[in-house]
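Residue numbers (this note's numbering), protein chains in the order written: chain A, 1 to 144; chain B, 1 to 144; chain C, 1 to 144; chain D, 1 to 144.
Rather than coming from a laboratory, the hints here were simulated on the basis of the structure.
The structure displayed is predicted, hence computed values, not measured ones.
All residues carry an ideal CB built from backbone N, CA and C; glycine is no exception.
There could be a bad hint or two in this list.
Claimed, not checked - Short derived list, chain D residues pointing at chain C, Cβ under 7 Å:
| # | residue |
| --- | --- |
| 1 | Tyr11 |
| 2 | Asp15 |
| 3 | Gln16 |
| 4 | Gly23 |
| 5 | Asn40 |
| 6 | Gly41 |
| 7 | Tyr44 |
| 8 | Pro66 |
| 9 | Tyr69 |
4 protein chains.
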Amino acid sequence: MSHRTRVRVRYGETDQMGVCYHGSYVAYVECGRTEFMRENGIHYRAMEEEGLALAVVELRLRYLRPARYDDEVLVETRLVEATGVQVRFEYHLFRLDGAAETLLAEGHTLLACVGKDGRPRRITSPWKERIAALESASSAARGA
Amino acid sequence: MSHRTRVRVRYGETDQMGVCYHGSYVAYVECGRTEFMRENGIHYRAMEEEGLALAVVELRLRYLRPARYDDEVLVETRLVEATGVQVRFEYHLFRLDGAAETLLAEGHTLLACVGKDGRPRRITSPWKERIAALESASSAARGA
Amino acid sequence: MSHRTRVRVRYGETDQMGVCYHGSYVAYVECGRTEFMRENGIHYRAMEEEGLALAVVELRLRYLRPARYDDEVLVETRLVEATGVQVRFEYHLFRLDGAAETLLAEGHTLLACVGKDGRPRRITSPWKERIAALESASSAARGA
Amino acid sequence: MSHRTRVRVRYGETDQMGVCYHGSYVAYVECGRTEFMRENGIHYRAMEEEGLALAVVELRLRYLRPARYDDEVLVETRLVEATGVQVRFEYHLFRLDGAAETLLAEGHTLLACVGKDGRPRRITSPWKERIAALESASSAARGA
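Excised from the complex, chain A in its bound form (with noise of 0.2 Å):
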């Protein structure tokens, strides 16, 4: 239960060490859980719109390989925990090289849901039940 979005690395994402620009990868992850959310009947801006925000509350990164200018990222997004009041995404980024994939990144964000008032508050449907089959799918994939 996993998904895969391209990104493309932009000219003002590197740095001047000649690779992307390890700040970068934030917004990578974000295009990644989004598109991972928008395939699985979650479309984000309409669930703001609605009132229910999803504010990052921990993020983690670890870089194993630099990705460079111009390079097509890979960002797999998998959903890997859910309660009634955060989700967890688990991310790796890939560089296709031909055939072979190379492993670029890992990392996590944990979401929490808050209100317009930037409190927090309890996912609702049909939010919540679309999440929780996101979150059953992901367990039964490693279970298996």
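Fit chains B, C and D to the supplied structure of chain A, relying on the hints for placement.
This is chains B, C and D only, laid out in the frame that chain A set:
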């Protein structure tokens, strides 16, 4: 009637050309404008909290020499024209090289006053008077 | 003789006005330019690896209507003028609203060819011919 | 053995949730680390010019309370561990609310020393000694 703000080039603001990415200057002129206004009694955060926002409707930058990582860039800001609905700022960005100043870039932004709904609205008191005072001071300085 | 690239507005590219931050468009026109060149045989990464870089020396953007989070923005790019040392691109950014297209912003960038040392240099073959071909196709299109 | 740097939240660093975008903190901890090192005789720009770069290999951030536009954020940086090839920094980010300090976020980065070719290399004199001095001062402070 101008103002100078210092901004240090961050690592993430460089690109693989080994210099400050040209898009980073958008933030630098914003810092210049914000501090210039603050120093002259126009606290932009307060203004926005009262429902008056200044939206950038035009941006122009000319790049003469590159800024480099960790350079302290001086942003010189002038308010050159104000109507009841728009304000135009001009910027000159320098680097101090010992006693000499090297001009790195210059540009302007045109900002339109909008309400919370994003629609145009007139700049109201006390912001109107403070902006007008800056404009006339600026004209006087140029006329001298 | 133009080209269209789609860019989706990321969450981190919005600001507290609730719309896409004006500085984010710098990356969007860069995406447009890069894909336009790629489609026409000018692979910018390869060009830079051969020691020819295109540095932005002028940037101008006019903002007509805001782009919003998760919007797909169409970036239409034209190469409007090329000399032996500089290339000028024009951009029009649209949003698709059903069958209609809404113009969000327009602008141009002027790029100068520089070597690895950052000094101006002439654009050399085969890039020179490919850029010239794009320029004449563009003129013909406008003359028609 | 810690250090505090002030960073002001820029408009472009906010997002449509009306707070500082979580990815912006990557730049803030970088500012904290750079100024902490500078104050202790480790001028990172000079170090990199000599061919020694510190590449971020791990990043972790926990977000407790939002920073807002125009807030002055205090970044408290500590060097908590150094080996011959890696350095670990810890960060606490505060906002001053009158006399009180509100903890906004905390995190760490692990940096690996690499050469101009991007390959791991040992940290050499005089940087090695300066980093070691900071590490022992930090341990002593915690032991006290």
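Hints versus structure:
With a cut of 7 Å, the hint placing Tyr11 (chain D) at the interface with chain C holds, because the nearest CB-to-CB distance is about 6 Å. This hint holds: Asp15 (chain D) has a C-beta 5 Å from the nearest C-beta of chain C, less than the 7 Å allowed. Residue-level restraint check for Gln16 (chain D) holds (minimum Cβ-Cβ distance to chain C is 4 Å; threshold 7 Å). At its closest, the beta carbon of Gly23 (chain D) sits 5 Å from a beta carbon of chain C; the interface hint therefore holds under the 7 Å criterion.
Annotation: interface hint on Asn40 (chain D) violated; nearest CB of chain C at approximately 32 Å, more than 7 Å. Hint status for Gly41 (chain D): violated, given a least beta-carbon distance of 30 Å to chain C, over 7 Å. Of the supplied interface hints, the one on Tyr44 (chain D) is violated, with its beta-carbon coming no nearer than about 21 Å to a beta-carbon of chain C, more than 7 Å. Checking Pro66 (chain D) against chain C: minimum C-beta separation of about 11 Å lies over 7 Å; hint violated.
A distance limit of 7 Å between C-beta atoms decides the matter here; for Tyr69 (chain D) the minimum to chain C is near 6 Å, and the interface restraint holds.
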